[in-house]
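Given the structure of chain A, go ahead and fit chain B onto it with the hints provided.
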Amino acid sequence: MGLAGRINLVVVSTLFIGLGLVGYLYATSLSSAREGLVDSNLQRESDILYLSIENFMLPGDAPVAARFFDEVAGLSAGYSLRLYRRNGAMAFSDNMTIDAVNAAIRKTRFERRNELAKTVLSVDISDRLQFDKATAIPPESVFFSWKDSGRSYKRVYRPLLNLPKCAGCHGSDHTIRGVIDIRADVTNEVRSEALTVAVSASGFALMALALAAIIGRILRAVVVGPVIAIGRLCLDVSGGDFTGRVDVKRDDEIGGLAATVNDMVHGLRERYELTKYVSAGTITSLASSQEPRRVERTLLFTDVRGFTAYTERNGVEAILAVLNGLLEKQAEIIAAHGGDIDKFVGDEVVAVFSGDDAPARACDAALDIRVAVAANAAAYDSLAVGIGIATGHVIQGMVGSHRRADFTVLGDVVNVASRLCSKAKAGQILVCDCTKDGLGAGSHTMAGPYRVTLKGKAEPQIVYLLQGKKNVIKVGELHDEA
Amino acid sequence: MKPRTIIAVCSVLTLFGLTFSCAKPQPPSLIPSDYGRWKTTTGITLDYPIPGHEDRFRVIHINDKGLGFARSGGSPERITFSEGTIIAKDIYAVKNPGPADLPVMVTAMIKSGSDPNARGGWLWVVKDLKIGKETIMTGDFCVRCHDNANEKHPYGWKNPDGAFADYVFFIPGTDSVVEANPY
Numbered sequence: 069m070g071l072a073g074r075i076n077l078v079v080v081s082t083l084f085i086g087l088g089l090v091g092y093l094y095a096t097s098l099s100s101a102r103e104g105l106v107d108s109n110l111q112r113e114s115d116i117l118y119l120s121i122e123n124f125m126l127p128g129d130a131p132v133a134a135r136f137f138d139e140v141a142g143l144s145a146g147y148s149l150r151l152y153r154r155n156g157a158m159a160f161s162d163n164m165t166i167d168a169v170n171a172a173i174r175k176t177r178f179e180r181r182n183e184l185a186k187t188v189l190s191v192d193i194s195d196r197l198q199f200d201k202a203t204a205i206p207p208e209s210v211f212f213s214w215k216d217s218g219r220s221y222k223r224v225y226r227p228l229l230n231l232p233k234c235a236g237c238h239g240s241d242h243t244i245r246g247v248i249d250i251r252a253d254v255t256n257e258v259r260s261e262a263l264t265v266a267v268s269a270s271g272f273a274l275m276a277l278a279l280a281a282i283i284g285r286i287l288r289a290v291v292v293g294p295v296i297a298i299g300r301l302c303l304d305v306s307g308g309d310f311t312g313r314v315d316v317k318r319d320d321e322i323g324g325l326a327a328t329v330n331d332m333v334h335g336l337r338e339r340y341e342l343t344k345y346v347s348a349g350t351i352t353s354l355a356s357s358q359e360p361r362r363v364e365r366t367l368l369f370t371d372v373r374g375f376t377a378y379t380e381r382n383g384v385e386a387i388l389a390v391l392n393g394l395l396e397k398q399a400e401i402i403a404a405h406g407g408d409i410d411k412f413v414g415d416e417v418v419a420v421f422s423g424d425d426a427p428a429r430a431c432d433a434a435l436d437i438r439v440a441v442a443a444n445a446a447a448y449d450s451l452a453v454g455i456g457i458a459t460g461h462v463i464q465g466m467v468g469s470h471r472r473a474d475f476t477v478l479g480d481v482v483n484v485a486s487r488l489c490s491k492a493k494a495g496q497i498l499v500c501d502c503t504k505d506g507l508g509a510g511s512h513t514m515a516g517p518y519r520v521t522l523k524g525k526a527e528p529q530i531v532y533l534l535q536g537k538k539n540v541i542k543v544g545e546l547h548d549e550a
Numbered sequence: 576m577k578p579r580t581i582i583a584v585c586s587v588l589t590l591f592g593l594t595f596s597c598a599k600p601q602p603p604s605l606i607p608s609d610y611g612r613w614k615t616t617t618g619i620t621l622d623y624p625i626p627g628h629e630d631r632f633r634v635i636h637i638n639d640k641g642l643g644f645a646r647s648g649g650s651p652e653r654i655t656f657s658e659g660t661i662i663a664k665d666i667y668a669v670k671n672p673g674p675a676d677l678p679v680m681v682t683a684m685i686k687s688g689s690d691p692n693a694r695g696g697w698l699w700v701v702k703d704l705k706i707g708k709e710t711i712m713t714g715d716f717c718v719r720c721h722d723n724a725n726e727k728h729p730y731g732w733k734n735p736d737g738a739f740a741d742y743v744f745f746i747p748g749t750d751s752v753v754e755a756n757p758y
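Residue numbers (my numbering), protein chains in the order written: chain A, 69 to 550; chain B, 576 to 758.
Looking at chain A on its own, in the form it has when it is part of the complex (with noise of 0.2 Å):
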């Protein structure tokens, strides 16, 4: 997963985790200031219908208190009240009561009923354990939820006592007289909240999804972004291009990265230009800080025969053109066989090629450019080159003061390769005899051994002329033979 989809994973868990708190907490605190209201009020009205029972009773007005009971029983479709003798039993219903209160003050206080009730109800056995509750000691005023038949109530299970006053009718063996029951359906505020749940969580789900959907887009405007177009940057600058940039113009931190980076960049592509004017020995020298020290290597110099005469003949753009050309092809072949370019000296180039391999890759490299200089005559204005080639140790260091100085090679090696590329003639190899010995055998073509002359030489050196390579095998041959 990217950046862009970390930080939206983030932005967007966070904010469900958050909003579905504060959706939670909503829809507990609303039920629960539902529940208080309701119990408030069937707290309340269970209050109410205690003392009215309880001043009904004591004067003896047990009939008016029944009476009372059943009609405001009836009072509505969404309210329902009950009253329990202590045992679960429906009060009211039959004649025990009066006849037990009859007995307790020793004469016929209240007649007994005729008309009883057709059903004698009792506690729900499944609402038993919350009527038990309710008529423990100490008695308690019990609120629960309760569904029949798809709706929704609120109960109180409102237990009466048996005072002292009350004892002298009822006795004073037992605590609870009874127990209130009022049932309030509360169905439609319960679906009314659960549709207000339902719209809010809806909603704060929403709002998630918008608040993450903006915050992704901020965050991918102003961070992502930058951060993707500098990576970018990186990429090219690794492959080699210096050319971009990044365009974030801010004053915060991404501001100050891409400014940074611009100019990081900016330093890199100043250096990569100076390599240009640096052999790549210089270059491998400052990295891997190299001492100086005596190796063997092969060098190749070349130069332009006539040269002088052609810049006395044609103009400075054109000289340069013809030039710049013939050393950028030089340099091209040279680096191709792996030769590192030490010097361009006027239409002279210096190569120093190493490795055990080094004399045949500088002849296989000298062949090439004069195949590619005799094949592009009309470019160079038929120019050609003459090449001098030699192997043997030299001095390999850093050649210079502090202010400028190049990873270069010193010898005598160096002389011969540059006096047997004086010798050679326009098209002419000439290599020296350390580097004919160093060559594979049989690998190359050699005309001589020739004894030459070279300036700053007491004795003649065996020089040859290379004139190929011997074992060339082109691809049909090779099909053949295999």
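To be clear, the hints were calculated from the coordinates, so they are not data collected in a lab. Please note that a few of the clues may not be correct.
Claimed, not checked - Among chain B residues calculated to face chain A with C-beta under 8 Å, some are:
(1) 625
(2) 626
(3) 627
(4) 632
(5) 712
(6) 714
(7) 716
(8) 728
Note that beta-carbon positions come from the ideal geometry of N, C-alpha and C, so glycine has one too.
Using the frame of chain A, we list chain B on its own:
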């Protein structure tokens, strides 16, 4: 023992110590332990059934401060117990306990008008003697029953004139009739 283990053990012990040092201290007992040596409020044998305690044997004690209650005189009279009065009622498990039987519960009225849990100016406390746990009764069960003491009632002196008796059924020194069962 490795240093890491020592650090872990020390951390756990420190956490343990901090947890217990910060734990809520046990509140002091509301009912003094020597309440059994106080005077009793009535000479009546309280073994007859009453709502709330039914037929379990009861003995009611009152502290010295409670004995100095105030009577206003006149009619209806107003009886006022002073702050700090404690009336503790031993509740036995049975109607006729033997000499070796001990009460199983104490219910107490503690005059403390300023206490937010007070009902009718009294704290109503129940102590389970088996586990020693005291509970302040914040419901209306106790006070609603004892509210009957402020009018004519069937116990002890019966409050014939309907004096405000400060929620106390058995006013010390008012036993004119000693009866086993008021009903």
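- Item | Interface hint status, residue 626 of chain B versus chain A (Cβ within 8 Å) | Hint on residue 626 of chain B: holds, closest Cβ of chain A at ~4 Å, below 8 Å.
- For the hint on residue 728 of chain B, does the least C-beta distance to chain A fall short of 8 Å? With a closest approach of 5 Å, the residue 728 of chain B hint holds.
- Query: Are residue 632 of chain B and chain A close enough, Cβ to Cβ, to be under 8 Å, as the hint says?
  - Reply: Where the cut-off is 8 Å and the nearest Cβ of chain A is about 15 Å from residue 632 of chain B, the hint is violated.
- Query: For the hint on residue 716 of chain B, does the least C-beta distance to chain A fall short of 8 Å?
  - Reply: Constraint on residue 716 of chain B satisfied, holds at 4 Å.
- Task: Mind checking the CB of residue 712 of chain B against every CB in chain A and telling me if the closest is under 8 Å?
- Result: holds (6 Å)
- Message: Checking hints one by one. Is residue 714 of chain B an interface residue toward chain A, by the C-beta closer than 8 Å rule?
- Response: holds (6 Å)
- Hint check: 8 Å Cβ-Cβ cutoff, residue 625 of chain B to chain A: With a closest approach of 5 Å, the residue 625 of chain B hint holds.
- Does the nearest C-beta of chain A fall within a distance shorter than 8 Å of the C-beta of residue 627 of chain B? holds (5 Å)
Hint 4 from the earlier list is the only one contradicted by this structure; the remaining hints agree with it.
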